[in-house]
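Please take these sequences and the hints and turn them into a complete structure.
There are 2 protein chains.
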Amino acid sequence: MPLLVVGSVALDSVETPSDRRENVLGGSAVHFSYAASFFTGVRLVGVVGEDWPTAHTALLQKQGIDTSGLQVVAGGKTFRWSGKYQPNMNDRDTLEVHLNVFEHFDPVLPEAFRRCSFVFLANGSPTLQLKVLDQLPGAQLAVADTMDLWIKTQRDELATLLKRIDGLVLNDSEAKLLTDDENLVRAGHAVRAMGPKFVVIKKGEHGAMFFSEHETYVLPAYPTERVVDPTGAGDSFAGGMMGYLAEQGKFDPVTLKTAMAYGVLVASFNVEDFSLDRLKGIARSDLEGRMEEYRRMLSF
Amino acid sequence: MPLLVVGSVALDSVETPSDRRENVLGGSAVHFSYAASFFTGVRLVGVVGEDWPTAHTALLQKQGIDTSGLQVVAGGKTFRWSGKYQPNMNDRDTLEVHLNVFEHFDPVLPEAFRRCSFVFLANGSPTLQLKVLDQLPGAQLAVADTMDLWIKTQRDELATLLKRIDGLVLNDSEAKLLTDDENLVRAGHAVRAMGPKFVVIKKGEHGAMFFSEHETYVLPAYPTERVVDPTGAGDSFAGGMMGYLAEQGKFDPVTLKTAMAYGVLVASFNVEDFSLDRLKGIARSDLEGRMEEYRRMLSF
Chain A
274 MPLLVVGSVA LDSVETPSDR RENVLGGSAV HFSYAASFFT GVRLVGVVGE
324 DWPTAHTALL QKQGIDTSGL QVVAGGKTFR WSGKYQPNMN DRDTLEVHLN
374 VFEHFDPVLP EAFRRCSFVF LANGSPTLQL KVLDQLPGAQ LAVADTMDLW
424 IKTQRDELAT LLKRIDGLVL NDSEAKLLTD DENLVRAGHA VRAMGPKFVV
474 IKKGEHGAMF FSEHETYVLP AYPTERVVDP TGAGDSFAGG MMGYLAEQGK
524 FDPVTLKTAM AYGVLVASFN VEDFSLDRLK GIARSDLEGR MEEYRRMLSF
Chain B
274 MPLLVVGSVA LDSVETPSDR RENVLGGSAV HFSYAASFFT GVRLVGVVGE
324 DWPTAHTALL QKQGIDTSGL QVVAGGKTFR WSGKYQPNMN DRDTLEVHLN
374 VFEHFDPVLP EAFRRCSFVF LANGSPTLQL KVLDQLPGAQ LAVADTMDLW
424 IKTQRDELAT LLKRIDGLVL NDSEAKLLTD DENLVRAGHA VRAMGPKFVV
474 IKKGEHGAMF FSEHETYVLP AYPTERVVDP TGAGDSFAGG MMGYLAEQGK
524 FDPVTLKTAM AYGVLVASFN VEDFSLDRLK GIARSDLEGR MEEYRRMLSF
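If you're matching them up, the sequences are chains A and B in order. Residues 274 to 573 (this note's numbering) are what the first sequence spells out, left to right. Residues 274 to 573 (this note's numbering) are what the second sequence spells out, left to right.
Hint data in this document are derived by calculation from the structure and do not stem from the laboratory. It should be emphasised that the depicted structure is a prediction, and the values quoted were computed from it without experimental measurement. Treat the hints with caution; some may be incorrect.
For chains that are exact copies, the list does not tell them apart, and a pair is met inside one copy or across any two.
Unchecked claim - In silico DMTMM-like pairs for lysine to aspartate or glutamate, Cα to Cα no more than 20 Å straight-line:
1) 449 with 498
2) 530 with 379
3) 530 with 364
4) 357 with 454
5) 425 with 407
6) 357 with 455
7) 470 with 429
8) 357 with 295
9) 553 with 369
10) 530 with 565
11) 523 with 566
12) 357 with 379
13) 357 with 545
14) 357 with 369
15) 404 with 566
16) 404 with 323
17) 470 with 565
18) 530 with 566
Okay, structure coming up:
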C-alpha cells in the first residue's frame, strides 16, 4: 500500500562534540520518507523554497519516493534548523530555527494522494495536521507525531487531533509534559485515554514503548557504538514502522510489534552518520540482517 | 549450588514524592539475598550493630538465607542510609550516610562458606572485596558490584579487582565515569577490557545491557506503573541474576541471558513497594508468571 506523509522538509546545520555539517538534507518528512521507502512507495507532501537543491529531490525520487506533493515556493526560503548535541549525544540545544516557507504551509493534497489509506502526519502544528486529515476521509490508519511546542501552544487543537487519529508517536519528555506524569507507563496509557487507539513513546537510546488497550510493551534500541548524529532518529523510527505497516497492508497487534522493531532498526542506522548519509548506503537486506541479530538478542 | 554474598546490611530511611519510611530493612546484601533466595540457598556475610532488630534476621532465615555469617557488633550501630527521590523516581539525593559498624567491616568467612563456587561481592570498597576474594580460592564465578565512590577514591584497587573477577555489575552513570565515555556500548566494552569476562550495565527504568567477548545485548525493564521505591532495585537485579545462575550451576551464554531476564523481573517487583515489602508477598510462581509475559513482550 502507498504511504502518505506530510511534514517538514529542511536544511539542517548540526554540531556534535566531534564534527559538524552545514545545510544538509533534513526535516521530519524527509527522514520519515527515506526510512519508509525501504518498505513501500511513499508520497511526500511538503514545502521548500527556491534555495532547495534539486539534487535532494532527485535523491528522494531515486528511492522511489513520489515528490509530486513537494511544493517549491518561488522567492521563498526553505525551513532551516540548527542544533548542537551535548556530549551524551542525547540532549541537544536548538541554536536557530527559521520556519521560512514552512510557517504558512497549507497543503492541498493532489487528488491521487487523497486516496491513501496509510497516513503519517509528521512534524507540524495540530491545526495543520487537522487540515490534512480533513482531506483524507478514507484513511484506514492515520498516525501523527507531535512536539513539546504544540503541547505548550496548541493544547486544544492537539486534543481535537488526538480524538481523530489512530496512533500517536511522541518522545518520552513530550509524553511526560502532555500528561504531567513522570512514569512513562502511566503516561502512555493516559495519552491513549485522550483518543488514539495506540501510543508509541520514543525513548531515544533506550528504545520505544507501545500502548494499546490490551498491550503494553517496550522494545530496546539496537545497541550501536557509532552514534554520529541522532537528528531524525525519531522520524526514521516512525518511517520504518509505518513503512512496514503499509507494506503489510494491516496493523494487527503482531504486525504492529514487528513494525516497531523495524522502526528501531532503521533509526539505529540513521544515527550512524549525518543526515541520510548512512541510510543512503544500506539496502533492505541490511535491515533484515540487523533484524536477525535483534531477534536473537531478544530471545533466550 | 549455594550462593555467597558479602555486602552492606542497613537500616534505610527513604522519602519519595508521595510517601516515606524510617529505618526499614535495607542494604545491598539484604536486597541481593532476598532476590536470590527465590532461586537458591544464599549465604549472607555482613555486619550489624546492637540496634539491629532480630525480626529482620528471622525474616531472612525464613526465606532460607543462611545468616550465620552476619556479625553482630556489641555496642555498635548498624549502617544507616537516608535518601530522597526526585519526582522522576530515578534520580535521588543521599541525605545522610552513617557507615557505623560497616566502616571497619573485615569479614572472615566461616569455613563452610569458603567452599562456595558462586560468589557476589556487593557494595563495599574494592579493598574489602579483594580481601573476600582472597578467602575464596575455589570460586568458579565471582561477580562484583561497584559504586561511583570507589571509582573516584580507589581506582587502583578497583583496577586490581577487575583483573580478578569474572563479572562486574555497575550502573550507567558509573560505567560512564569509569571509562570517560558517554556511549554505553563503547563504555561496556571498555570496562570489559579492564579485566572481567562480562560486564552488566544497569540502566534503571530502561533495563540492562550485557557485554562479553562475543555478545552485546540489551534487555528492557519490565514496564510497571507502580514504582513506589527504587531503593535496592540494582541489588535485587543482581540477586535474581546470580540466584538463577547458582540454581542452574552454570553460566554459559544462554543461561546468562535468562539470568539477566530474571534479574530484570525480580527488580521490577522490588520497586513496587518500600524495602522488601513487595518481595515478601511474592513466590517463585509470580516470577514465572511475569517471565511468561516478558517473553511474550519480547517476541514478534
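Structure-based check of all given hints:
In this assembly of identical chains, the alpha carbons of residue 449 and residue 498 lie at most 20 Å apart only when taken from different copies (13 Å versus 28 Å within one copy). When the C-alpha separation of residue 530 and residue 379 is checked against a cutoff of 20 Å, the pair qualifies neither within a copy, at 33 Å, nor between copies, at 52 Å. Taking CA atoms no more than 20 Å apart as the test, residue 530 paired with residue 364 passes in neither setting, with 27 Å inside one copy and 31 Å between copies. Taking the closest pair of Cα atoms, residue 357 and residue 454 come within 20 Å of each other only across two copies (18 Å); inside a single copy the shortest separation is 28 Å, beyond that limit.
In this homomeric assembly, residue 425 and residue 407 never come within 20 Å of each other (Cα to Cα): the closest approach is 24 Å inside a single copy and 59 Å across copies. In the homo-oligomer, the alpha carbons of residue 357 and residue 455 lie at most 20 Å apart only across protomers (16 Å), although the nearest pairing inside one protomer, at 26 Å, exceeds that limit. In this assembly of identical chains, the alpha carbons of residue 470 and residue 429 lie at most 20 Å apart only when taken from the same copy (19 Å versus 55 Å across copies). In this assembly of identical chains, residue 357 and residue 295 lie within 20 Å of each other by CA distance solely inside one copy; the values are 12 Å within and 44 Å between copies.
With identical chains, the CA atoms of residue 553 and residue 369 are never at most 20 Å apart, being 27 Å at best within one copy and 54 Å at best between copies. Taking the closest pair of Cα atoms, residue 530 and residue 565 come within 20 Å of each other both inside a single copy (15 Å) and across two copies (17 Å). Taking the shortest alpha-carbon separations for residue 523 and residue 566, neither the intra-copy value of 25 Å nor the inter-copy value of 24 Å comes in at or below 20 Å. When the C-alpha separation of residue 357 and residue 379 is checked against a cutoff of 20 Å, the pair qualifies neither within a copy, at 30 Å, nor between copies, at 50 Å.
In the homo-oligomer, the alpha carbons of residue 357 and residue 545 lie at most 20 Å apart inside one protomer (16 Å), although the nearest pairing across protomers, at 38 Å, exceeds that limit. Taking the closest pair of Cα atoms, residue 357 and residue 369 come within 20 Å of each other only inside a single copy of the chain (10 Å); across copies the shortest separation is 38 Å, beyond that limit. For the homomeric pair residue 404 and residue 566, neither the shortest alpha-carbon distance inside one copy (41 Å) nor that between copies (41 Å) is at most 20 Å. Taking CA atoms no more than 20 Å apart as the test, residue 404 paired with residue 323 passes in neither setting, with 25 Å inside one copy and 72 Å between copies.
Taking CA atoms no more than 20 Å apart as the test, residue 470 paired with residue 565 passes in neither setting, with 29 Å inside one copy and 25 Å between copies. In this assembly of identical chains, residue 530 and residue 566 lie within 20 Å of each other by CA distance both inside one copy and across copies; the values are 16 Å within and 15 Å between.
Violated hints, in rising order: 2, 3, 5, 9, 11, 12, 15, 16 and 17; the structure is consistent with all others.
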